[in-house]
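J.: Chain residues, written in single-letter form:
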Amino acid sequence: MTDQLIVARGVRKEYGNVVALHSLDLVIRDGITGLLGENGAGKSTAIRIFLGLLPPTRGEVTVLGMDIATHAEARTRLGYMPEHDCLPPSVTAVEFLSHMAQVSGLPPSPARTRAADTLRHVGLFEERYRPIEGYSTGMKQRVKLAQALVHDPQLVLLDEPTAGLDPAGREEMLDLVRKTHREFGISIMLSSHLMGDVERTCDRLALIRGGMLIQEGAVTDFTLETERLSLEVDDRETELVAELEGRGVVVERGERGELLIEGRDASVYDDVRDALAHTGAPLRSLAPRRRALAELFARDGEDLGGDT
Amino acid sequence: MSSGPETSEARRAESGGTVFDIGYQRYTGAREGRARGRRAIFHGGVRTALALGRDGRAKALPWSFILILVGFGFVLALGAGSALRTLGPEVAAQLPSHADYYGMTSLIFILFAAVTAPELICPDRRNRVVDLYFVRPITPLDYILARWSAFLAVALAVAWVPQIVLMIGLVMGNPEPGTYLLENWTDLPRILLAGGSVAVYATTLALAVASFTTRRAYAAAFLVGLFVISSPFTIGLAQESEGALGQWIAMFNLAAIPVHVNDIVFGEVTPITIIGNAHLLPVGVRLSWFALWVIAPAAVLLYRYRRRTP
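Chains as they are written, first to last, in numbering that gives the first Met the number 0: chain A, 0 to 307; chain B, 0 to 309.
No wet-lab data here; the hints were simulated from the structure. Among the clues, some could well be false.
What the hints assert, rightly or not - Dumping the calculated SDA-like pairs for lysine to any residue here, alpha-carbon to alpha-carbon at most 25 Å: (1) A:K139 - A:E126; (2) A:K139 - B:A50; (3) B:K58 - A:L86; (4) A:K178 - A:D165; (5) B:K58 - A:I131; (6) A:K178 - B:T27; (7) A:K139 - B:D99; (8) A:K178 - A:I213; (9) B:K58 - A:T219.
With the sequences and hints as input, model every part of the structure.
T.: Structure below.
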């Protein structure tokens with residue numbers, strides 16, 4: 000069985016004179032895939048086309064091997080968490096989830112059971128009988144995620160799942176996303192304009208800019224090792240820097256306070272080893288430095304609002 | 000110890016204990032597809048229309064109308080029963096009965112639909128829950144037909160129950176219930192047909208108007224204004240006019256449109272349809288006029304929900 004969950008070929012979407020997507024060619028595979036782009040890049044339009052909510056002006060989209068526009072059965076295995084508010088305020092979370100599970104085709108009894116189980120998964124089990132209007136933003140985001148999972152989909156599309164959350168809430172949401180894939184094998188496509196979210200959560204990444212796919216691949220491909228070493232010590236840092244510079248090694252300070260050392264050839268490693276031995280600085284870590292996504296895009300002249 | 004798990008399993012089996020694996024799990028049970036989805040939307044629509052599972056404030060509006068409409072049936076039943084026993088069948092026959100009920104209550108019934116039916120679709124659009132419905136197996140057509148059916152089911156019950164109450168009252172109040180039933184059994188299909196026409200008309204028109212707004216209050220206010228204003232306006236104008244003009248002005252009394260079907264079904268005339276001599280228009284014209292006022296709003300409703308992004 001192919002692991003290609005979504006295949007988009009030459010997808011174009013026009014709204015009158017505005018072209019939201021130019022010619023999008025994209026393959027979403029099993030795992031957690033990040034769809035990264037600035038606001039207005041076409042992420043939400045792409046997701047709405049993948050869900051069949053919008054017809055493409057041109058091009059083809061298959062989801063789970065089926066044409067989403069004509070095969071309703073594909074929707075039984077799809078989940079969607081929109082960016083915008085989409086929850087009825089006056090009903091309880093468990094009632095809402097049970098209803099949405101039934102709309103997805105589950106019989107009433109398992110729908111009720113799964114509603115409670117899914118709310119437990121997202122950490123809202125105790126609050127399940129409260130009307131949604133009394134929930135905080137973070138809790139509402141969790142209900143939105145829960146309704147996307149309640150019918151046990153094969154693929155879930157999350158549109159800016161951390162929108163409106165504080166840092167702690169964001170981390171919890173991203174943990175949930177990771178856990179959902181890791182423990183239950185549900186594939187996830189996550190759109191975001193926050194590079195930190197994508198970098199921390201996703202296995203693969205597709206970068207969209209101006210309605211076109213710029214680059215696609217494993218996140219590690221985007222964060223290739225640089226020609227620098229990252230060095231951290233627990234003490235005697237000043238002496239170590241002086242010793243390294245005395246040996247002709249170029250040392251800079253990184254954003255997180257680490258030392259960045261130019262060059263990765265054997266002689267640099269030898270210099271570092273000797274300097275550590277000479278100063279007696281206790282080594283915490285030494286590794287080739289990987290690029291952060293934000294740095295990659297900033298170098299391309301792009302600023303994606305980068306929270307790294 | 001290697002025998003640990005087996006021992007604890009054995010102990011658990013002996014004690015009759017069960018291990019429940021709580022929390023999220025993969026689902027391997029039945030998936031009933033669109034049919035289950037449609038039923039869920041229908042069921043949810045009925046609950047919404049009757050405000051089931053909601054607080055007393057939400058229930059107040061629909062149930063007030065329902066009680067008034069059913070109460071009307073009770074009053075007519077009590078009046079007919081009392082008249083039969085005390086004043087005799089000749090006097091009782093002069094009292095309002097099945098043929099008159101919808102003529103007397105059509106405006107109240109339509110107001111019930113106007114304030115209740117928009118609740119089935121407006122909040123889904125306002126809260127954008129439709130986006131979640133339409134990424135599931137159902138289509139927009141499934142959704143709107145299920146919602147329409149849900150309110151129609153409630154409207155049929157509200158239209159029929161008072162008439163059934165009235166029928167029970169007439170049967171029980173008659174000294175010879177069996178004979179009365181045998182002589183008047185045809186009232187039952189007439190009630191079903193006339194009540195059905197009132198329900199279909201009110202449901203379709205109310206939902207069609209509601210499909211243009213995300214606010215229930217706007218839809219309700221528009222419908223209430225339309226009916227409350229159109230009735231006295233057309234009645235006054237029709238009474239001032241003569242001939243065909245008066246007849247057609249009277250036909251624009253929106254509260255009277257389904258009552259024409261009631262008249263045709265029962266073979267009688269009600270005060271609301273006599274105005275402007277509209278009742279003298281041919282049966283085919285009056286039925287076509289009713290059909291137009293059902294089909295046109297239905298077409299509008301379907302057109303509004305033709306896409307997954309209404």
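J.: State for each hint whether it applies.
T.: Hint by hint, here is what the structure shows:
1. Restraint check for K139 of chain A and E126 of chain A: the C-alpha separation of about 11 Å stays at or below 25 Å, so the hint holds.
2. Restraint check for K139 of chain A and A50 of chain B: the C-alpha separation of about 23 Å stays at or below 25 Å, so the hint holds.
3. Distance check on the hinted pair: K58 of chain B and L86 of chain A sit about 21 Å apart at the alpha-carbon level, within 25 Å; holds.
4. Distance check on the hinted pair: K178 of chain A and D165 of chain A sit about 20 Å apart at the alpha-carbon level, within 25 Å; holds.
5. For the given pair, K58 of chain B sits about 19 Å from I131 of chain A by alpha-carbon distance, which is consistent with the 25 Å threshold.
6. For a cut-off of 25 Å, the pair hint linking K178 of chain A to T27 of chain B stands: about 20 Å separates their Cα positions.
7. Annotation: proposed proximity of K139 of chain A to D99 of chain B is violated, straight-line Cα distance about 52 Å (limit 25 Å).
8. Restraint check for K178 of chain A and I213 of chain A: the C-alpha separation of about 29 Å exceeds 25 Å, so the hint is violated.
9. The straight-line distance between the Cα atoms of K58 of chain B and T219 of chain A is roughly 57 Å, outside the 25 Å bound, and the hint therefore fails.
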